[in-house]
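Participant: Spelled out, the chains give:
Protein chains: 2
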Amino acid sequence: MKKLFPALAVAVVFATPCAHAQFAKPEDAAKYRQSVMFVMQTHLGTVAAMAQGRIPFDAKVAADSAAVVELLSKHPWMGFTPGSDKVSNTRAKPEIWNEPGKFKEEGDKMQAEAAKLGAAAKSGNLDAIKSAVGNVGGACKSCHDSFRSRS
Amino acid sequence: MKKLFPALAVAVVFATPCAHAQFAKPEDAAKYRQSVMFVMQTHLGTVAAMAQGRIPFDAKVAADSAAVVELLSKHPWMGFTPGSDKVSNTRAKPEIWNEPGKFKEEGDKMQAEAAKLGAAAKSGNLDAIKSAVGNVGGACKSCHDSFRSRS
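In order, the protein sequence lines correspond to chains A and B. To convert, take the position in the first sequence, counting from 1, and add 45; that gives this note's numbering. To convert, take the position in the second sequence, counting from 1, and add 45; that gives this note's numbering.
None of these hints come from the bench; they were simulated from the model. What you were told as hints is all true, and nothing was included just to trick you.
Note: identical chains are not told apart, hence a pair may lie in one copy or across any two.
Within a straight-line C-alpha distance of at most 25 Å, the following computed DSS-like cross-link-like pairs (lysine-lysine) qualify:
id : residue 1 : residue 2
1  : Lys186    : Lys70
2  : Lys167    : Lys119
3  : Lys149    : Lys105
4  : Lys186    : Lys161
5  : Lys70     : Lys138
6  : Lys105    : Lys119
7  : Lys161    : Lys105
8  : Lys149    : Lys70
9  : Lys161    : Lys119
Working from the sequences, and respecting the hints, build out all of it.
Facilitator: In structure tokens form, the structure reads like this:
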């Protein structure tokens, strides 16, 4: 199946809770996953800035931002639809569709770390947040290193 | 204050939970709010398609999608930063910054309807979902009619 229908394999592997979304065209699917990632990145950046002391720590803001990261970590996957690797403005590498098992492993890791960040931020413990935000960032980087082109 | 510092007034009115986010430039703020809206639109579309019988009703998918709409409804506001009405690719009308009270009223209404949709979808009652999704759509339209240009 992997060789014959890699795109379908991704779709099956990532049968997420929101897999029914209807994308009229591949560009919409790419725009969706990029939007999810950008919102996640923005909110992770807020928590990271607090963890690094670049902005004052605000427990409520950190928890609210981490909640966005945690929830959205479950959702970009449905945007990797068959054919959406061919749109003009994507950095998604063909390996996403050719190595769905490895891609899922990376995605699962990121979701697990995002859930831990959500829990840490709810606790309000800055040390726990510092550790968790680093692990989410590491999971993002690991996946991007393998599955996102540099330009 | 409204006349002298309309943009500041918006920032104060929409002191959201994630107001600490650091946007390096106005384009990032616009991209952020557009990303939030597109993800919301996608997930609202999924629930609406079920409500209208265009795709099969799946209570879990509906609840998960409505949860995204509900959470993200709290967040686009911080993207309406001072100066981000001047970026090239925005349909945001100057009235957002010139009539912050009215804009906040529309935003509050949308958030309230999104929360009701989240509750309806959690209940799994399709009739309740149908009603709630229509009200969210109505709140979106009402705000867009006043504050988003047509092209």
